[in-house]
Amino acid sequence: MSQQSEDVRYRGSGQPGVKTRIYSVAVPVVLGLCGIALLVGSLALGVGTTNEPGPGLWPFAIACTWTLAAAAIAWESFKGTALPPVGPSQRPAVGFGLTLAFILIFSYIGLIPAVLIVTSAWMKLLSDMSWKRIIIASLTITALLYILFAIIIGTAFPASVLPIP
Amino acid sequence: MNDSILLGFSVALDPMNLLAVLAGCLLGVVVGVLPGLGPITTISILLPFTYAMEPTTAIILLAGIYAGVMYGGTVTSVLLKLPGEAASVVTAIDGYEMARKGRAGPALGISAIGSFIGATVALIALTFFAPALAELAVKLGPPEYAMLALLGLLLIAYLGAGAFAKAVVAAAIGLFLATVGLDPISGDARFVGDSLQLLDGMDVVAVVLGLFGIGEVLFSLRERDSEAELVSKKVGRVWPTKKDLRDSAAPIARGSVIGTLVGLVPGGGGLLSSLLSYGAERRFAKNPEEFGKGAIQGVAGPETANNASSTSSFIPLLSLGIPFNVTISLLFSVLLINGITPGPRLVTENPDLFWGVIASMYLGNVVLLILSLPLVGLLIQILRVDMAVLSPFIIVLSLVGVYTIDNNTWNMWVALFFGVVGYFMRIWGFPPGPLVLAFILGGLLETSLRQSLLLGDEGLLIFLQRPGSLALIAVSVLLIGASTFSAVRKRRAQTGAVEESIHVGS
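Protein chains in written order, with our numbering: chain A, 3 to 167; chain B, 4 to 509.
It is worth saying that the hints were derived from the structure and are not from the lab.
Note that the structure is a prediction, hence the values are computed from the model and not measured.
Every residue, glycine too, gets a C-beta built ideally from N, C-alpha and C.
Please note that the accuracy of each hint is not assured.
Computed footprint of chain B on chain A, listed as stretches where at least three residues anywhere in the stretch have a Cβ under 8 Å from a Cβ of chain B [what the hints assert, rightly or not]: (1) 57 to 63; (2) 73 to 80; (3) 93 to 103; (4) 142 to 155.
In isolation and in its complexed conformation, chain A is listed as follows (with noise of 0.2 Å):
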């Protein structure tokens, strides 16, 4: 479904509540406040003139193109057009949280054990998957990744803890 029938599902479904409309008038004005923020970082930048522009005069006129659609956006959430909330983010915070870890074991401890634990922790913890199935899986992926970029590209990983990468 494209966003513009998502949008008019929601206006049809009658006015959205007084939380939906901040949210949804939020989100655009914090969009907005960047533009703004961006304006002022290529006043500083030096915008120069149409005969003699400076560094920040492109960068000018992306902030006042950001800023106007911002507020258009935020005009239509205000007239009435709710954004889609942001729904369930149990399962998306914990596949944040993996792949968070994923760069930190990789980057203190080595690539084997990044793969092997959050490939395993993301099955165990987002699938219905038994035991047997996700070592199965979680060493299979390892095994390739490891095979591909250890041996076959010859990556410089991480100075790693392990013998290995």
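Got chain A; can you put chain B on it based on the hints?
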């Protein structure tokens, strides 16, 4: 022309390039079948691996993947009603109904035949039209290039799914990201703070993999994996009957023309071409009521059109040096990374690359036709791959791939950041495509704009003094006007409907 085509085939038949065609097509078909891995994610995952390849081989591999994904996406559309990539959404309507009636084989067969014909027509256009357009494009100066890139971005925002203002914000974010780092003209550092890494700007692979790879996986976690119903594990006879071929001949012919033309339009891409083709077929059909109930014309036309458009979208890349869709923009960045500037001079300065890529696309098209039909049974087995296994695999593969760009964990953090950005963009309906395209086109756009301003003494008037840029401005103004007018009209219609319902209710 004959010598050029022969040169192209001599390059394409080089063993490494031939292997790249085969590997690209096969990988593309497999990936096209897998949900959650579209052409953009796959190509961005593979980009770091192509850095060590010859640029011609790299582009041939990626072009093969792009074509293969277009073929593969059809299989899930027909058998599961789950499009493997966006352009196959339309095929799912009648393709799935055909499969329910036990005609999955002919649906897949006619898709493969239509795709082959559509891509061949577009390739012929590419062979003859791209060099001519490149000759014309040599005469374009920075003002025309700036306006062309700007019009391209506007059209992508305008034609894409979703609200225009949201697409404009996304494009503005992409343009801003392209300014981070050293100013291309004065050399001043912009928006880098104290970060040394940001001085070099952000890496396109990290941004794209974050937005499309990680962002898509995180977004897909919002719902537990739902079991889609596989209509049949046995596809049966794939070759369509004589009647099927007769019914599909005109839709394939129309789809070839529609797709080839739509691929030339910025933001056109596969989905728009298949939608237009589906609409045209319904209009031309003797029994339009059959559409949605398993009409083979509803499969043949759109499938032909989406493959024709993905092939013809190479024309603006190879002749103008401006990518008009996200996947093509990734190929554009591969050329740039290898020190090759795509554009009108490509045909004269790198004829082996220009003609080699075109010839390899002819080969890839034949490979896909030969392989895709017998492979259908194997592809059905791939459908059994669990998303619970695929999701962490995409995440770790993307992150380690991003690390290999410069053997530094910085880009992994950038990818994670953009993964979160992509997640929220999907929730709130901000399309990530314009962001990526604007990010990739940003450098070209800014340099052309500033060069134009430095060229003339009258500032912005230079864009109005040259007929080419003036015409492009006129088209842009018309587009913005049309978009505003249609939004106002829609709002009025909705307000009217609400008032009417209140009136009836009271």
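A quick look at each hint next to the structure:
Check on the segment 57 to 63 of chain A: 5 of its residues sit with their Cβ under 8 Å from a Cβ of chain B, so the three-residue criterion for coverage holds. For the segment 73 to 80 of chain A, the assignment as covered by chain B holds, since 3 residues bring a beta-carbon within under 8 Å of that chain's beta-carbons and 3 suffice. Under a criterion of three residues with beta carbons nearer than 8 Å to beta carbons of chain B, the stated coverage of the segment 93 to 103 of chain A is upheld, 8 such residues being counted. Interface restraint, the segment 142 to 155 of chain A with chain B: holds (4 residues with C-beta to C-beta distance below 8 Å; minimum three).
No hint from the list above goes unmet by this structure.
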